[in-house]
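A.B. asks: As they're listed, the protein sequences go chains C and H. Mapping the first sequence onto the numbering used here, position 118 (from 1) lands on 118, and the numbers just tick up by one. Mapping the second sequence onto the numbering used here, position 100 (from 1) lands on 1100, and the numbers just tick up by one.
No wet-lab data here; the hints were simulated from the structure. Here the structure is a predicted model, which is why all the values come from computation and not from measurement. Do not take every clue at face value.
Straight line, CA to CA, 30 Å or less: simulated DSS-like cross-link-like pairs of lysine-lysine [said to hold, decoys possible]:
#1 Lys1089/H - Lys41/C
#2 Lys41/C - Lys30/C
#3 Lys30/C - Lys1010/H
#4 Lys1089/H - Lys30/C
So you can see what is in the structure, the chains are spelled out below.
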Amino acid sequence: MSQTDPVDYIQRTREQYARLGYEDYRWAEKKESPPWTPIGKPISELNVALVASGGAYTKGQVAFHWEDDTGIRLIPSTEPASDVRVTHFAYDLEPAREDPNIVFPTDRLNELVAEKTIGSLATNSVACMGGIYSTRRAEEELAPLILESISNMPSKPVDLVLLVPV
Amino acid sequence: MGLVARVLEKAGFPTICLTAARSITESVNPPRAAFVDMPLGYTAGRPHEPEFQRDLLRQVFKAAESIDSPGSIVDLDVTWSDDPSWKDKATSGLNNGVNSAEGDSRQPRVNEPQYQYEEDRVAAES
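So here's chain C without its partners, still in its complex pose (with noise of 0.2 Å):
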């Protein structure tokens, strides 16, 4: 690999796997073609919603447990970021606490829609949690309840869904 290319995860989790005497993990392929719906507006018209899988949690509500936690929270997307806590089994937390931005960037968005450079930001933003290991959970349980938190955006339809993972 040249260190310009992209990091091989599929790659590097295989050997690291191997190394620990792990089963090689089967990611999800999906050779068909992905489906599509037209975005209909310019983007500096759409209603966006952000789905982030850091494990955002918001004081009140009962933080995510890391044994594929197949659950969302809602959080008001006016919420300020540093209110935001994150939770999370695989990845680094320290940074992501000092600035929850990096993984669930509501006050970035908001100041996209401040400048006009999106419409506006959908009325609650979506966290989930990430790591879920298996591919059936994560379509049968996480999908649609995302979907459905999606669908049932209160005050205006959602154009466009940011979808954010760590």
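Using the hints provided, position chain H relative to the given structure of chain C.
C.D. replies: For chain H alone, coordinates are given in the frame of chain C:
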């Protein structure tokens, strides 16, 4: 997240996936993706650099607008640092190249809520 994007898009919601793991995104094949060549855990930018973070997100939305072919990944023009050596040992987990943890650096998969602050537990349980 690519799996979630596919479900949302199928239900009629356009999506754009930000990603720092290009190979995983290629495998999951979401409708639209924007790749940042940054360590895991910093997908939306470096901490306390709001202009860097805004620029990154503006590029994401430009990418969303420009993609007209399902399954496209746009490489964003963002640089973690002039020194690319973080890539040498980066794996998933906490050893993302910024940290240098060895072995399986992930935390145990415990089945109890994991609060950032004890006061959060008190607030949630009250």
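A.B. asks: Compare the structure with each hint and give your call.
C.D. replies: Do the hints match the structure? See the list:
Restraint check for lysine 1089/H and lysine 41/C: not satisfied, since their Cα atoms lie roughly 42 Å apart, outside the 30 Å limit. Restraint check: the Cα-Cα separation between lysine 41/C and lysine 30/C comes to about 28 Å, which is no more than 30 Å; the hinted pair holds. For the proposed pair lysine 30/C and lysine 1010/H, the alpha carbon gap of about 14 Å is at most 30 Å, so the pair holds. With a CA separation close to 27 Å, the supplied pair lysine 1089/H and lysine 30/C stays within the 30 Å bound.
Of the numbered hints given earlier, the model fails hint 1 alone.
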